[in-house]
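Peer 1: Assemble the whole structure, with the sequences as input and the hints as a guide.
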Amino acid sequence: AQRVTQPEKLLSVFKGAPVELKCNYSYSGSPELFWYVQYSRQRLQLLLRHISRESIKGFTADLNKGETSFHLKKPFAQEEDSAMYYCALLYSGAGSYQLTFGKGTKLSVIP
Amino acid sequence: KAGVTQTPRYLIKTRGQQVTLSCSPISGHRSVSWYQQTPGQGLQFLFEYFSETQRNKGNFPGRFSGRQFSNSRSEMNVSTLELGDSALYLCASTSGDADTQYFGPGTRLTVL
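Keeping their order, the protein sequence lines are chains A and B.
For the first sequence, our numbering assigns the number 1 to the initial residue and increments by one for each residue that follows.
For the second sequence, our numbering assigns the number 1 to the initial residue and increments by one for each residue that follows.
It should be emphasised that the hints constitute simulated quantities derived from the structure, not laboratory data.
The structure presented is a predicted model; accordingly, all values stated were derived computationally and were not measured.
The C-beta atom is built at its ideal place from N, Cα and C for all residues, glycine as well.
Any given hint could turn out to be false.
[Stated by the list, open to error] Restricting the straight-line Cα-Cα distance to at most 25 angstroms, the calculated cross-link-like pairs of lysine to any residue (SDA-like) are:
1) A:K103 x B:P61
2) A:K103 x B:Q44
3) B:K57 x A:L46
[What the hints assert, rightly or not] A few chain B residues that don't get close to chain A, going by computed Cβ distances all over 12 angstroms:
4) K1
5) I12
6) S22
7) E48
8) Q54
9) P61
10) S65
11) N77
12) S79
13) S86
14) V111
15) L112
Peer 2: In C-alpha cells form, the structure reads like this:
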C-alpha cells in the first residue's frame with residue numbers, strides 16, 4: 001500500500017535560515033508527488049508538483065527515487081512561510097486517482 | 001475562474017442526525033474528490049466522483065455516501081452522526097485524472 005511519511009510534526013527556524021521539510025514515500029508504481037500548503041485560515045493550496053520542476057515562492061523539491069524522498073527546501077526562510085505543509089502522493093486505484101497525504105509539518109519561522 | 005466552493009462553511013449537529021455537504025467544482029472540472037481532515041488522522045480520502053459515477057471509495061463506513069450531479073456539483077452525506085465525525089470536510093476538483101487537485105475551503109462539522 002502507498003504511504004507518505006513526514007517525520008517532523010513541527011519545525012522551527014529563524015528568519016533567513018535554510019528550511020528543509022522532509023517527505024518520504026512508499027509506492028510500487030511511478031510516483032506523482034506534490035507539496036500542498038495551508039496558511040492560517042486559508043484553504044489547502046498547491047505549492048509545487050514534481051513534474052513541473054518549478055520553484056514557487058522560493059521553494060524547490062527534488063524527487064529522489066533511490067531514497068524515495070521528496071524533500072521541500074528553501075534557502076532563506078521568511079516569516080510569511082509559517083504554515084502547515086503537506087506532502088502528497090497521487091496514485092491510481094480502482095480506476096481513479098486519489099491523493100494520499102502525509103500528516104503534515106508545521107513550519108514556524110521565528111523573526 | 002472561480003475556485004472550488006463548499007457550503008455550508010460551518011455546521012453543528014447532534015449525534016444520530018444526518019448531514020449533507022455541498023461542493024461546486026471549478027468550471028469545466030469533472031472529477032470531484034472528498035477528504036476528511038482531523039487533527040489525529042490528518043487528511044484521509046473519502047471518495048471520488050467522475051461524470052456522476054463513484055469511481056473509488058476510501059476506508060470509511062457506509063454511513064458516508066455521496067453523489068454527483070450532471071453539472072459536476074457534488075454532495076456528500078453522513079447519516080447517524082457520531083462524535084468522531086467532527087472534522088473539516090474538504091472537496092477537491094480536477095480537470096483530468098492525473099492533474100492537480102484544487103481544494104475548497106472546507107466545511108467544518110461539529111457533532112455534539
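Peer 1: Would you pick out the hints that fail for this structure and give their numbers low to high?
Peer 2: Numbers 7 and 8 - these are the hints that the structure violates, sorted from lowest upward.
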